[in-house]
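2 protein chains.
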Amino acid sequence: MTFATHQIRLAARPSGLPTPEVWDHTESEIEDPAEGTFVVAVRFVSLDPAMRGWMNEGRSYVPPVQIGEVMRAFAGGEVVATAHPDFAVGDLVTGLFGVQTYAVSDGRGVQKLAPDADLPTNLAVLGMPGMTAYFGLLDIGQPVEGQTVLVSGAAGAVGATVGQIAKLKGCRAVGVAGGPEKCRILTEDFGFDAAIDYKGDDLGVALKEKCPDRVDVYFDNVGGEVLDAALGRLARGARIVICGAVSQYNESSMRGPANYMALLVRRARMEGFVVFDYASRYADAAREMGGWMAEGKLKSVEDVVDGIETFPETLLKLFRGENMGKLCLRVAEA
Amino acid sequence: MTFATHQIRLAARPSGLPTPEVWDHTESEIEDPAEGTFVVAVRFVSLDPAMRGWMNEGRSYVPPVQIGEVMRAFAGGEVVATAHPDFAVGDLVTGLFGVQTYAVSDGRGVQKLAPDADLPTNLAVLGMPGMTAYFGLLDIGQPVEGQTVLVSGAAGAVGATVGQIAKLKGCRAVGVAGGPEKCRILTEDFGFDAAIDYKGDDLGVALKEKCPDRVDVYFDNVGGEVLDAALGRLARGARIVICGAVSQYNESSMRGPANYMALLVRRARMEGFVVFDYASRYADAAREMGGWMAEGKLKSVEDVVDGIETFPETLLKLFRGENMGKLCLRVAEA
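The listed protein sequences correspond, in order, to chains A and B. The first sequence begins at 5 in my numbering and counts up by one. The second sequence begins at 5 in my numbering and counts up by one.
If you're looking for bench data, these hints aren't it; they were derived computationally from the structure. Just to be clear, a hint being listed does not mean it is correct.
[What the hints assert, rightly or not] Stretch-level coverage of chain B by chain A, calculated; a stretch enters the list once three of its residues show a Cβ under 8 Å from a Cβ in chain A:
1. 263 to 269
2. 272 to 285
[Claimed, not checked] Residues of chain B placed beyond 12 Å of chain A at every Cβ, according to the derived structure:
3. A45
4. R63
5. G174
6. D197
7. G227
8. D288
9. V309
Note that the coordinates shown come from a computational prediction; the quantities given were computed from them, not determined experimentally. Glycine included, every Cβ here is placed at the ideal spot set by N, Cα and C.
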């Protein structure tokens, strides 16, 4: 049996926003899997801001995607052929399957899901964004009951989860997002105490109003002026969690936080992390978050777009701030 | 008895470097001290980069010096008149006596020294710069034996002490200073393993060569391009201690560290501190550092300039990087 797979490959390194020209669409055939491997029919592809970094030359926390390589992506799908002892046909799995309709895997880094699992949720709250929110907030941010947690990119998959976990831990949760509609959803649907519209509000004024006791934990997904504004509103002993800098990924030069001396004045710290380091604890975190979901205390939200061929255009939604929750592509079944 | 005191007061807030016009020289008479106070004849005034921040409007970790006020300064001197039960004529003391030849004190924040104490040393390694180096490096930087400690402003009072304590703790100590002469002194006289001349060397190349195992602790006194270069050379799990940013204090706008996403890639943190928070532990630290000095393992170096009236000009040496060790003014005895 063979599988005709449609693949999206990196054709050139972008400067600035990744335009359609940086992608190649290719078709190829996947044969029956070799011993120790299996074939996954990809159903959902996760689109993440981190992808932009993976497209740059030079080693970061992972090697860059090479020119001509299938674009790296988390994805979820179903095993359709197997020569691997641990994976059976019909198993639902998530892993780094790439932007393609069929993938071959040797099982490394692959999670096997329950038969009734929801794939998009397992790419969102129960996937990397959820793990990122969980470990970044709890291990690096170390929020204490009654403290104020501010999160940027709050309408994204990571940010919305950070705010909800902050509430679960008894904190005041304040989100920064773009536009009044996202802000409304954060407070009305996700239980944030307040939201700040970075496109419409004066950040300094809004932070003063929405964070009257200052900011104990700032979970930063965006960098740029929001990071500088948050630095200006830190409480003594505050922790800034550096998770991403989506406002800067497509800029020709990074903007550093000019207000960083607030770390001294406020006896505060700024710390980065990479979620992959917590792999040995994913299962425990997923169990706890699954419990919160079952109790109705944690919501996953996915922004699903149809068609793998829309990848180049859909990816840009992330950088234009047009998604609400986890941005995924749904792959049409063959 | 009265004491004719010469005072240097802040006349205007500087923009950029504090030019002579921002200072007023005044003379006044100090009468016999009131109950609970004493008069100090100031012998040495400490000149510190932090003074530049104290001259700016707006609250930082301490209130700003007000226009017309005597300039805040650490100083050391001798009690010459007293109506305070704990201080006798002849006592040697250090405290925030300001830039003036005689000061009145109620004893708050004043350290009484041994009769044979060396005043400049008590403004340097055994004073605020030494405390800053000790608590910043050990509490915030947390160096581990065998790790690499990089310090900027290494020829200054804080930096030279940081490097020496790093060596005492079994670390590789690398200093960044301006000019080959300072670099020579750091390695030959202060036991640094290596020194980098930020004025002459290519920082990236030099850091690669002098920190072959990357940088585990970076103690930053300067900010600007040295901070960015250090971020580019961090080891995994590194700690950056934010102590000062002397390269930026006189700039119209602060330059933020554009490389701050290295904190994520390297799972590193950047943390600020204020030495005043450690006041309850100063005595213990001074005892330990005094022991190291007695064993010849820790050197104090002071750069002494004569005449309180030279204060406006001498202060600029700090911002031009012209001092080696603790910059002090010696006050002529009346």
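Hint-by-hint comparison with the structure:
| no. | hint | result |
| --- | --- | --- |
| 1 | 263 to 269 | holds (count 7) |
| 2 | 272 to 285 | holds (count 8) |
| 3 | A45 | 34 Å, holds |
| 4 | R63 | 9 Å, violated |
| 5 | G174 | 25 Å, holds |
| 6 | D197 | 27 Å, holds |
| 7 | G227 | 8 Å, violated |
| 8 | D288 | 20 Å, holds |
| 9 | V309 | 28 Å, holds |
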